[in-house]
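J.: Spelled out from the first residue to the last, the chains are:
There are 2 protein chains.
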Amino acid sequence: MNKQELFEQIMHKRSFLCVGLDTDIKKIPTHLINEENPIFSFNKAIIDATAAYCVAYKPNMAFYECMGLKGWSALEKTIRYIREKYPEQFIISDAKRGDIGNTSEMYARGFFEDLPFDAVTVAPYMGEDSVKPFLTYKGKWVILLALTSNKGSQDFQLTTDAQGERLYEKVLKKSRAWATDEQMMYVVGATQGSMFADIRKVVPNHFLLVPGIGAQGGSLAEVVKYGMNDQCGLLVNSSRQIIYAGKGKDFAVCAQTEAIKLQEEMAGYLAQLK
Amino acid sequence: MNKQELFEQIMHKRSFLCVGLDTDIKKIPTHLINEENPIFSFNKAIIDATAAYCVAYKPNMAFYECMGLKGWSALEKTIRYIREKYPEQFIISDAKRGDIGNTSEMYARGFFEDLPFDAVTVAPYMGEDSVKPFLTYKGKWVILLALTSNKGSQDFQLTTDAQGERLYEKVLKKSRAWATDEQMMYVVGATQGSMFADIRKVVPNHFLLVPGIGAQGGSLAEVVKYGMNDQCGLLVNSSRQIIYAGKGKDFAVCAQTEAIKLQEEMAGYLAQLK
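As given, the protein sequences belong to chains A and B, one line each in that order. The opening residue of the first sequence carries number 379 in my numbering; numbering runs sequentially from there. The opening residue of the second sequence carries number 379 in my numbering; numbering runs sequentially from there.
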């Protein structure tokens, strides 16, 4: 999916919501446990209930990997289900990978050839040659970690170099040369709203994937105020707040209600773009 | 496995070799392709041929993930095979993970509960709370990326802050407070031999996992000169040089020959410790 198509989806659905599929077997409703593939059953219900209100899904790889073969199977089924039934959805592998070139090549092969993801999150610590192998696939995206939403983001990302530049700013500036805004997005944590203004000075046109709304404590209004650009430029993720909104048999309806709440708020912000 | 046990294995085998299982279906001998699980068949032969000459194995997760369910199955079989037949081996998941706390918890659950790994490589970009969940397992290790062996390591790892400290040095210093040398090791790339001296000033007692010998161009003599401490303190990895030493039916013998070459060189260096 290219940038223009993503923007059109956003305007069509009046939503820039990404639903994070951080599906934990220990947290899903108990009546699903006896199903053949409980994780997939849960995801399928969540997806059917929310697809009209979001433009992207983001399975978090950790939650599937930790279950071994069963988890991997649930992941594959989930991705293929979205791809088939909701082909307009942008699917992100939240993997935070990054390794030497020949290894990143293998990760890219996995996410973009073996599985039909549109994008993968990548960690910048190992530099250019750890990121580039993901950029050789036409129409596929790298979403590079810049400023994350967790407490530990302060440990290294905010380190200031001798020229007064913070590490996450250096990541933005260097990586702009590796790919255009048609192939690269950035992860920018929503708990640090005021920093969006600084970030937009460096990357005015790129899409930003914003985790940290809801359970992680960020404010959507603030993200929009400082982060939205004339092509929206935002994918705002919510995981736990949506998928665990209900614990009973009506969990999918509860998830839908939460997704609609966010979509309606987003529709208001998007109306300003017209 | 604790640090003392690892050191004893090293002295017993007179080797600090780690064999990297970066097994690529496109590179294994063609006669294996028709086996039920070619990747596992390859790994099993390599392991049986090299176990006497190394103290650790390091499957690179990318090479298994990129094959989906088949890859994951080969990985599980490989790890369980090593654990059962060669329980004295230290098994490292080369995963370079790192995410917000609740996600790192899931990765830790996968590597340390679902699979019997001893250690996992972790990327430091997201800071303390992305690393700590891996440290809650007694006897298990985090191997944190410090200075890597690829060209891109220069992009951010060598950035100097206002106090003249490089990013990888900051990673070493901060993370020393997160765990002792009984639970933490560091990845230090072997192509930058002279930097081992600087690193030893900061972490004199920690084990260092050193990739980059062989195909990546590092010199073992230089690594030992600057990096060895009185408990060895080194695990030196070789992947391609060993596992792809032969392309025919004698591939395991060729791998063994390469492993022996490295082990014999290592035995010489270890003799200095006595």
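Errors might be hidden in some of the hints.
Note that identical chains are pooled: a pair holds if it fits in a single copy or bridges any two copies.
Think about it this way: if two alpha-carbon atoms lie no more than 20 Å apart in a straight line, the pair counts; the simulated EDC-like pairs of lysine to aspartate or glutamate are [claimed, not checked]:
id, residue 1, residue 2
1, 579, 600
2, 455, 600
3, 552, 539
4, 579, 560
5, 448, 543
6, 551, 539
7, 448, 492
8, 404, 543
9, 518, 600
Because the hints were derived from the structure by calculation, they are not lab data.
J.: Please write out, lowest number first, the hints stated earlier that are contradicted by the structure.
T.: 2, 5, 8 and 9
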